[in-house]
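Enquirer: As a plain string of letters, each chain reads:
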Amino acid sequence: MSESIRLAIEDGRLIDPANNRDEITNLYIADGKVLAIGKKPDGFRADQTINATGLTVIPGLIDTLVHLREPGHEHKATIDSECRCAAANGITTLICRPDTSPVVDTPAVVELIRHQAQLTAKSRVFSVGALTRGLKGEQLSEMAALQEAGCIGVSNAQQPLASSLVTRRALEYASTFGLTVFVYPDDHALSEKGCLHEGPVATRLGLPGIPEASETVAVARDIALVEQTGAHVHFCNITTRRALRMVGRAMFDNISVSADCSIPHLFLTDVDTRNFDSNYHLIPPLRSQSDRDGLRTGLAEGAISLICSGHQPHEPDAKLAPFPATEPGISGLDTLLPLTLRLVDDGLLSLSQAISRLTEGPAKMLNLPYGQLGEGAIADICIFNPKKPWILSHNTMQSRGKNTPFMGWEMNAHVRYTLRDGQIIFNAENDL
Amino acid sequence: MRKASLQIRKDGRLRHFLSIEGLNAALLQEILDTAESFAGVSAQSIKKVPLLRGKTIVNLFFEPSTRTRTTFELAAKRLSADVLNININASSTSKGETLLDTLRNLEAMHVDMFVTRHSLSGTSHFIAHHVEPHVSVINAGDGWHSHPTQAMLDMFTIRREKGADFGRLTVTIVGDISHSRVARSQINALNLLNTGEVRVVAPRTLLPAGIESLGVHVHHNLRDGIKDADVIILLRLQNERMLGATLPGKHEYYRLFGLTNDNLSIAKPDVTVMHPGPINRGVEIDSQVADGPHSVILQQVTNGIAVRMAVMSMAMQHNTGEEDV
Chain A
2 MSESIRLAIE DGRLIDPANN RDEITNLYIA DGKVLAIGKK PDGFRADQTI NATGLTVIPG
62 LIDTLVHLRE PGHEHKATID SECRCAAANG ITTLICRPDT SPVVDTPAVV ELIRHQAQLT
122 AKSRVFSVGA LTRGLKGEQL SEMAALQEAG CIGVSNAQQP LASSLVTRRA LEYASTFGLT
182 VFVYPDDHAL SEKGCLHEGP VATRLGLPGI PEASETVAVA RDIALVEQTG AHVHFCNITT
242 RRALRMVGRA MFDNISVSAD CSIPHLFLTD VDTRNFDSNY HLIPPLRSQS DRDGLRTGLA
302 EGAISLICSG HQPHEPDAKL APFPATEPGI SGLDTLLPLT LRLVDDGLLS LSQAISRLTE
362 GPAKMLNLPY GQLGEGAIAD ICIFNPKKPW ILSHNTMQSR GKNTPFMGWE MNAHVRYTLR
422 DGQIIFNAEN DL
Chain B
9 MRKASLQIRK DGRLRHFLSI EGLNAALLQE ILDTAESFAG VSAQSIKKVP LLRGKTIVNL
69 FFEPSTRTRT TFELAAKRLS ADVLNININA SSTSKGETLL DTLRNLEAMH VDMFVTRHSL
129 SGTSHFIAHH VEPHVSVINA GDGWHSHPTQ AMLDMFTIRR EKGADFGRLT VTIVGDISHS
189 RVARSQINAL NLLNTGEVRV VAPRTLLPAG IESLGVHVHH NLRDGIKDAD VIILLRLQNE
249 RMLGATLPGK HEYYRLFGLT NDNLSIAKPD VTVMHPGPIN RGVEIDSQVA DGPHSVILQQ
309 VTNGIAVRMA VMSMAMQHNT GEEDV
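For the record, the sequence lines run as chains A and B.
Note that the first sequence covers residues 2 to 433 in this note's numbering.
Note that the second sequence covers residues 9 to 333 in this note's numbering.
If you are wondering where the hints come from, they were derived from the structure by calculation, not from laboratory data.
Computed from a predicted model, the values in this text were never measured in an experiment.
To spell it out: a stretch of chain A is covered by chain B in this simulated footprint if at least three of its residues, at any positions, have a beta carbon under 8 Å from a beta carbon of chain B; those stretches are:
1. 195-201
2. 206-214
Far from chain A by the CB rule (all over 12 Å, computed), these chain B residues:
3. Leu59
4. Asn93
5. Ala172
Note that beta-carbon positions come from the ideal geometry of N, C-alpha and C, so glycine has one too.
Using the sequences plus the hints, can you model the full thing?
Expert: Shown next, in the form of structure tokens:
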């Protein structure tokens with residue numbers, strides 16, 4: 002890939018929520034940054050010009066807490082396969098989870114992940130480090146060392162912490178270094194062995210349920226601990242209306258919390274789990290219609306400022322077993338942009354709001370300089386055709402994991418180009 | 009509905025028998041009628057009919073069972089099928105061969121029917137999704153989900169005791185509904201057969217969320233629940249329920265929910281008492297009731313053979329090997 006290519010992106014519809022911009026204009030890129038918007042700078046000579054007529058130009062997407070499966074689970078996916086997939090879907094920054102094997106609790110693993118991502122030279126990858134050693138929930142990890150190695154936060158992923166005391170100490174220690182703690186709220190004793198939202202569907206199918214309280218109890222406790230410790234907690238993948246209401250209330254009270262939700266929980270409910278289809282097996286589980294609607298409201302009203310894909314690619318065998326024995330999660334990178342834009346078609350969000358939830362929202366939460374395209378900004382850009390329908394299928398999916406309940410759904414946004422640091426990392430004409 | 013099409017062929021006949029849910033009343037009646045015709049076979053000195061001669065049936069049990077497996081085996085033998093019993097410790101499969109591999113290997117031996125039992129809900133549906141088109145699957149119990157042949161033998165027993173009009177009956181199920189595949193299948197079958205009133209009785213720790221949505225009236229007091237009942241079905245209380253925080257112990261359970269001759273008098277005078285077995289005497293049922301005149305617990309076992317013969321023969325009846333999904 003050539004260094005510091007000079008690019009002109011002409012006549013596209015630039016939507017940049019962070020800078021309140023939505024207009025048909027030109028973008029001029031040099032040295033990996035946005036040099037100018039609108040009028041071509043004097044003396045600018047593009048090495049390459051992209052005619053973006055009819056296309057939408059937005060900041061590159063940021064997807065938080067994805068599974069890239071490497072190291073340790075390369076039979077499911079690799080950093081290489083998923084970074085290529087991300088690039089093909091307009092995602093320029095991936096934040097990966099610490100529950101790899103070995104877990105991300107030493108600088109060496111952080112370095113390995115960064116190195117693999119650099120070799121692929123597609124999307125940028127940041128690690129979230131383990132909150133406790135080996136994610137065992139007992140001893141604190143060396144968070145300062147992880148931060149120095151490049152971790153942008155810490156998390157115990159979906160592993161339980163031994164006690165409220167460990168949680169308190171972990172929050173205090175993380176906040177010493179200004180590290181955001183990413184929490185999947187779950188009272189493990191309440192959710193253990195469950196595989197579906199506790200309610201009429203789980204009762205009908207005879208599946209062990211995961212009660213709403215497993216999430217609300219954890220959120221309530223953690224909000225109290227955030228107030229006590231002054232740490233910043235980001236709640237990942239909120240699924241219930243009541244938990245979201247608590248987070249919204251805490252935000253209103255200036256308690257340092259934020260929350261996201263993932264794509265499947267915005268579209269599907271436990272009722273979709275008919276006939277034991279393991280592609281609907283998620284943890285946290287698909288909840289009730291009322292919860293889904295509550296998440297949508299929270300998203301529209303701003304309690305949720307970012308949407309993530311919840312990406313968990315699996316090999317086919319992981320889903321080929323009786324429902325409770327299958328591994329949870331969906332492969333989500335391929336559907337992050339089109340399904341977020343479907344929320345615009347559903348009348349829930351404006352186009353600018355929808356794009357904000359994938360760009361400005363996560364960038365602000367993570368305190369990263371990406372997700373906006375003002376002059377001087379890092380040139381992470383996604384250019385897509387908003388009116389080119391396509392059907393999600395095994396063939397169109399770029400992820401190694403084909404596990405998705407959205408197979409066969411019609412999508413609209415079709416990514417044409419992806420740029421990271423001003424470099425074209427995906428061009429639909431050459432790369433598909 | 010995909011679930012219906014998984015179990016029912018295009019012509020409306022049974023293909024697999026996985027759960028009561030997804031079937032229709034006519035099919036249930038057909039099962040009961042067919043079972044009636046087989047009930048005589050077991051009473052004859054030569055207890056065999058040649059309906060499934062040359063067919064191979066595998067009892068694939070991943071969970072221990074005596075009664076169910078034995079009656080399935082007898083049913084298959086009385087239909088003249090060749091029967092193979094395979095008991096697999098579920099924990100050993102988790103270390104090695106996957107369920108699908110086990111299935112493929114057995115299929116390679118040209119099996120015509122699997123009778124499956126597994127501790128995980130949805131296992132029989134999973135197997136039915138993956139077998140060859142000519143193979144039928146009968147669910148002999150999956151997790152807490154479904155045990156449809158047990159439910160049908162119970163319906164058969166009720167019909168023999170009370171007649172074919174379920175509309176005038178009040179049926180009460182007492183016990184651990186949460187963890188019971190039997191209860192779920194019974195509730196579905198009773199409602200499909202238009203039972204007048206279906207009740208469940210249990211403390212709240214043994215009732216799953218939203219149980220009312222299955223079409224039952226919920227009671228927490230045994231005497232309220234069995235008042236004027238025509239049929240009382242007791243469920244086995246597993247000892248493991250006493251280990252966690254589900255119940256304080258057998259003593260209080262028996263005191264509150266155990267069926268005794270004393271509280272039996274609240275039910276209809278001709279009440280029928282049923283239990284899928286194995287029974288815990290002095291826990292969910294007093295011995296005097298279990299062995300008393302209202303109890304049909306042993307008839308249930310006998311009826312199990314006829315009902316299983318009916319289901320097996322019906323599923324194999326149109327076994328042409330044609331894929332009709």
